[in-house]
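A.B. asks: Listed below are the residues making up each chain.
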Amino acid sequence: MKRITRRSFIKGAGLTLAGATLVACSPSSSAPTSQATDVPASQATESPSGAESGKIVLRFASWDSSSGQDVYNSITNEFNKTAPNIEVKVEFTPDSYDDKILTGLAGGNAPDIFMWWNYPGLIARKGILDLTEYATLPGDKGLDLNQYYPEVLAYAKIGNILVGTPNAFTPRAIFYNKKLFAEAGLPEPTSDWTLDEFTEIAQKLTKGEGADKVYGMFMSPGTYHLQGYIWSNGGDWISPDGTRASGFCDSPETIEVIKWASELVTKLGVAPTDDTGTTLGGATQMFINGKLAMMDNGRWPQTDLMKAENLDFGLVLHPINPNTKKRVTVLHTSAFCVNPATKYKDEAWQFAKFIGGPVGNKLFGQAGWAVPAVPSAVKELGWETDPIEKVWIEAIPYATVQPCFMRTTAWDKADSEFYNALQAVWLGQATPEEAMKKVAPIVDDILANAPKIS
Amino acid sequence: MTPPTRSPVFRLTLRQRETISGYLTILPWFVGFLVFTAGPMMASLYYSLTDWGLVDQPKFIGLMNYQKMLSDPLVWQSLWVTVKFTITSVPARLILALIVALLLVRPIKGTNLMRTIYFIPSVVGGVPVALLWMWMLNADYGIVNYFLKLLGINGPGWIADPKWALWSLVLMSCWNIGSPMVILVAGLQNIAPHLYEAAELDGANGWDKFRFVTIPMLSPTLFFLLVSSVIGAFQVFDAAYVMTSGGPLRATYFYLLYFYQTGFRYLNMGYASALVWLLFVLIIIMTALIFRSSSLWVFYESEVKK
Numbered sequence: 001m002k003r004i005t006r007r008s009f010i011k012g013a014g015l016t017l018a019g020a021t022l023v024a025c026s027p028s029s030s031a032p033t034s035q036a037t038d039v040p041a042s043q044a045t046e047s048p049s050g051a052e053s054g055k056i057v058l059r060f061a062s063w064d065s066s067s068g069q070d071v072y073n074s075i076t077n078e079f080n081k082t083a084p085n086i087e088v089k090v091e092f093t094p095d096s097y098d099d100k101i102l103t104g105l106a107g108g109n110a111p112d113i114f115m116w117w118n119y120p121g122l123i124a125r126k127g128i129l130d131l132t133e134y135a136t137l138p139g140d141k142g143l144d145l146n147q148y149y150p151e152v153l154a155y156a157k158i159g160n161i162l163v164g165t166p167n168a169f170t171p172r173a174i175f176y177n178k179k180l181f182a183e184a185g186l187p188e189p190t191s192d193w194t195l196d197e198f199t200e201i202a203q204k205l206t207k208g209e210g211a212d213k214v215y216g217m218f219m220s221p222g223t224y225h226l227q228g229y230i231w232s233n234g235g236d237w238i239s240p241d242g243t244r245a246s247g248f249c250d251s252p253e254t255i256e257v258i259k260w261a262s263e264l265v266t267k268l269g270v271a272p273t274d275d276t277g278t279t280l281g282g283a284t285q286m287f288i289n290g291k292l293a294m295m296d297n298g299r300w301p302q303t304d305l306m307k308a309e310n311l312d313f314g315l316v317l318h319p320i321n322p323n324t325k326k327r328v329t330v331l332h333t334s335a336f337c338v339n340p341a342t343k344y345k346d347e348a349w350q351f352a353k354f355i356g357g358p359v360g361n362k363l364f365g366q367a368g369w370a371v372p373a374v375p376s377a378v379k380e381l382g383w384e385t386d387p388i389e390k391v392w393i394e395a396i397p398y399a400t401v402q403p404c405f406m407r408t409t410a411w412d413k414a415d416s417e418f419y420n421a422l423q424a425v426w427l428g429q430a431t432p433e434e435a436m437k438k439v440a441p442i443v444d445d446i447l448a449n450a451p452k453i454s
Numbered sequence: 001m002t003p004p005t006r007s008p009v010f011r012l013t014l015r016q017r018e019t020i021s022g023y024l025t026i027l028p029w030f031v032g033f034l035v036f037t038a039g040p041m042m043a044s045l046y047y048s049l050t051d052w053g054l055v056d057q058p059k060f061i062g063l064m065n066y067q068k069m070l071s072d073p074l075v076w077q078s079l080w081v082t083v084k085f086t087i088t089s090v091p092a093r094l095i096l097a098l099i100v101a102l103l104l105v106r107p108i109k110g111t112n113l114m115r116t117i118y119f120i121p122s123v124v125g126g127v128p129v130a131l132l133w134m135w136m137l138n139a140d141y142g143i144v145n146y147f148l149k150l151l152g153i154n155g156p157g158w159i160a161d162p163k164w165a166l167w168s169l170v171l172m173s174c175w176n177i178g179s180p181m182v183i184l185v186a187g188l189q190n191i192a193p194h195l196y197e198a199a200e201l202d203g204a205n206g207w208d209k210f211r212f213v214t215i216p217m218l219s220p221t222l223f224f225l226l227v228s229s230v231i232g233a234f235q236v237f238d239a240a241y242v243m244t245s246g247g248p249l250r251a252t253y254f255y256l257l258y259f260y261q262t263g264f265r266y267l268n269m270g271y272a273s274a275l276v277w278l279l280f281v282l283i284i285i286m287t288a289l290i291f292r293s294s295s296l297w298v299f300y301e302s303e304v305k306k
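Here the protein sequences come in this chain order: A and B.
Each residue of the first sequence is one higher than the one before, starting from 1 at the first, in my numbering.
Each residue of the second sequence is one higher than the one before, starting from 1 at the first, in my numbering.
What the hints contain is simulated information worked out from the structure, not anything from laboratory work.
Among the clues, some could well be false.
Footprint (simulated), chain B over chain A, 3 or more residues, beta carbon under 8 Å [unchecked claim]:
no., region
1, 181 to 187
2, 376 to 385
3, 401 to 413
4, 420 to 432
The beta carbon of each residue, even a glycine, is placed where N, CA and C say it ideally should be.
Isolated chain B (complex conformation) (with noise of 0.2 Å):
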């Protein structure tokens, strides 16, 4: 419906005033994805191929470094601890968050008061948060040990135990669930009640309701939990930097306090470049793996189950 006097050569067609239009859209984050993101990723693509002590220059040495991994214990026992945090984090977090937030779904007078409360913990967040879990969990001082031992129970050494440490980081984790109660808060909200009110009908108890209507029509936004927890627990860091610098014995050594302490204090960028590489490799994989599985568990709306 172009106006007629409209020169015919500068007329566009409704396709490609749209297709203008929607890369217009984009463009404000496609040049923050250039200049940010994927600038820096090829850089460090590139020094992961070098021989870089961050402040010299670069020696390009081929694929030395990847090759240095494959003997480093480091790597190995720090992807190790990684991979253990995140498969016990990572399950207990989304169980724990699902639960809060059925509780919170219902209709009862102050759940707004409660939702927040939930959430306070992922506002406070970072440095101020583990040092009070430092508190907490202290062997000889530590409340918790101090309500065990009230119960006639000896409390072990939380994070001065080796064998207690990254437990007590997932337990930590545990706490703060606040960002992934809300989005399960808002999917459940986002059932359509009428699949209640069949399932009822046709005799459904409580439970039946739960694993035949929550759950499958939850999947996507679990999914979607599942997939950002996941990426967000190969990465974790903070606590483990504040509160045990990866010890007690290296037992709560993550992956990336070994790539940030190999960059930034034993000035080898170009390995510490390296390190960064495999774990994004290693992540894609996994994602790559949950999506893969998602064809068997996770349920939309507008699809029909054959």
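This is chain A alone, in the form it adopts within the complex (with noise of 0.2 Å):
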């Protein structure tokens, strides 16, 4: 018999080993926890020394790239006109944002201020400080929430809680060619269009084959862009206490809603595949090459689309539904939140209240990365006569519903098995009916099984 030692293992091994070492440098597959712990290393605006000066110094996460430091210092600058015994430290971390906030929090060195949107699982962790009573301080110590538009203010809360100061926002609305929509002899669309006439355009506008094609419209399987239509249709994903998804995500309104979404594709084929979707670029990059005639997208993109050459667009309100006359839209919103472990509550706030506040949203309007949250920004920046920036405008308050993401703490995982419901119809293997009536039941489980917002 031959026996193995772990000596003769080790000699085995040992060429083997040496062999391995050539290949160390190459890279090896990354364990998910390194993702948390390997985010690039915050790159802070100013030197660290505020310390030493007697300055309070604050630490401030943001998700964007360090290429938009510009915007963010011109805040911080501003912020030291009103405070200037407060030093903010800004540290960008484009990659693995949340990872690395979740870590930091877990591991009590998460910034004392930072950007957030997926609420209720933070909050019924205690993961956000609830801001509702600092807003109600007197004078300038407080914050004036009428300021906002209700609809974004209403994104910011969750119950009676306050999570954090809006952040410039974006709505949803229609891009469309002018170029393509005038080679198919349609007239431009407005705003009182309704979802029937939109699919007849969307199918007028899609002609040519293979990588020739121009789609007419673009409509992946997600939950959120198609929340809108399916509210304007009178159903929804879940309940709106969010305790339950039988009844709703499988009722005749959101099955309707989630046929004709899918059938853009599956039937019609005005709209492409997720699989060519995605590899042509996604839907930006497409719309730019002139391969979509119309997108559903938030503001992101529109700088870009202002920078393409030979692409003229425009921007038109989510068409009306025929069977309620109704017309709801969803929004993309943010806050910025304040760690409950901060050692400089008060000070936290002051910043929370400035970045969040009138200057913040009017400097991140400005820049064009988002609509600020504040009216009296949106009117000093002249948005509201810009052709444009205008539908945004106009867009805000159809956003009467609140999103799904808000109602439990177990959102995401009930999102992951709609999705997963979706792809299943996006890919002709599924009737919506037959989806949604075997997703209901999963959901509802989840949902059930949720820990409480608060």
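Grab the two chains, each in its own frame, and use the hints to assemble them into the complex.
C.D. replies: Written as structure tokens, this is what we have:
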């Protein structure tokens, strides 16, 4: 019998290990935990000298890249005019931002103020300071919440909890390529168009085959952007109190919208499949390249679209639902949240109030990043009369429903189940009815076992 | 042979000195192991017994996480995906690496250049490679389907089709064979030429030499590669994270992807810790089985076959 002793294994492996050292420089499959810890060293905009001069140093985390440094510098400079004793160090973390904040909160070294949007999980686990009482402080110490768009403020509140001060945000609307409309002999859409007209126009705009194909529309299987269409039709993904999906995601109103959206891809071919859409660079890239005539999106790509040569685009509100005669849209918002473990709660609030107030919001708007959450800032920027910008402003009042992710601490998990179900529909492997009937009890279970928000 | 002037109190035997210098030599590694591996492992073992939302305080709940895993369909679904990946990609990669190594070990002109070329994928690695493959494997515009079309074949949806997605990732993993190839080349070069000469004198043909000299002499190398590739394959994460997010229809929903989402997206770090401990135990069992099997097929030069 052959026997392998430890020694003989080591000997045998010895030369192979020697070979392995040769390849030690090759990137190993990174374990997910390293994603959290290997985030690039955060770059601070100011030299770390504040502590010596008796100043209070606050750390503020942004998910923007350091190319946006100038905007943040002008905000902190303005802030220092009102609070000379506070120095704010901005930490830019464009990659693995969430992981960095979460591990920071777990390890007790999270920044004092941080941008966030997915509040319920952190609220439930006391990872975000409730700012409700701070806002009601008298005079300059408090924050006048009436200065915000009410719809945007609602996105920064869970129940009565003020989770943060509203950041500049974006509604969704439909970008359209004017040239492609003209070529198809179609008049430009107006805000009174209906969903049926929208589908018809998308069909007329679709032309060509293979690599030359121009798509009328883009419609991927995601829960977030579908919410607006579903709400407009009187449906929803889950109950308003976030406790169950049955009776909502499988309701006729919701299923009708899923059927319509998926058939744009599967039956009508006016929107690209997921695979092709991703490969062609996503909706924005396709729109810039003239491969996409209409695009449902937020304001993010607007600056790039403006820069693109040979692209003349317009912006119009979402179509009106013909059944309900209603239009409901969804916003993409975030807020400046305060770390409950910060040593400087008052100072952190002071900065959150400033960067999430009229000045900060205006500077973000001025940089062309997003729509200020404060109407007065929008007015100062002259956006109410700009032919493109005014559409964003007009879209705000239609954001009347609380998005699903704010109703439960388990939305991420529920969302992955919904996404899986929607993918089956988009691939033509299940009907909307089948997919939703199957996923409803699974999501019910997830929601029922979710920790309460507060 | 200690100098006689030394006080006998401080005199150490040769054995003791060897022991001390031995421990001193491994000390840096040992400290690193304690701080960066053993410590976190023990911590995660504790967390696996708690309900911990990452930012709040862990609450001890005994074995509840493990109990919950038994009835969690995603655990078994993602494990099955991972096992399928492992049992296909590991043999495929090793066989391919062996073929390339056999070709590259021959003393022909340009061998070094070829070795470098075959090694390049291992250096590039990660996200850029994933993006490259996404392009090549696209159903409508990808170059792979383009060539298939020239041959009159209608290519599948590769990563878009749930039936094909996992096998596309296996295919991709076969592209990256640089490390096993280099190790196998080193192993092949280490086989003494006299063994082949002796075989030739006995009238062995090419296949015989491969089967009765190369394979047995290479078996320790193959054994090492098998163990390390199985462990690596069980931890597959990158490609799915970048390219498919586990889709379509969870066809590439690897176990570590589920772990990552559970811990960092669903804020359920206690349960996520239990998930990785299950993986750890499974990897240990797999490795033990491979070690057990090795007595049947691994041959060491120093041993004498009875």
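A.B. asks: Against which earlier hints does the structure fall short, listed by number upward?
C.D. replies: Numbers 1, 2, in rising order.
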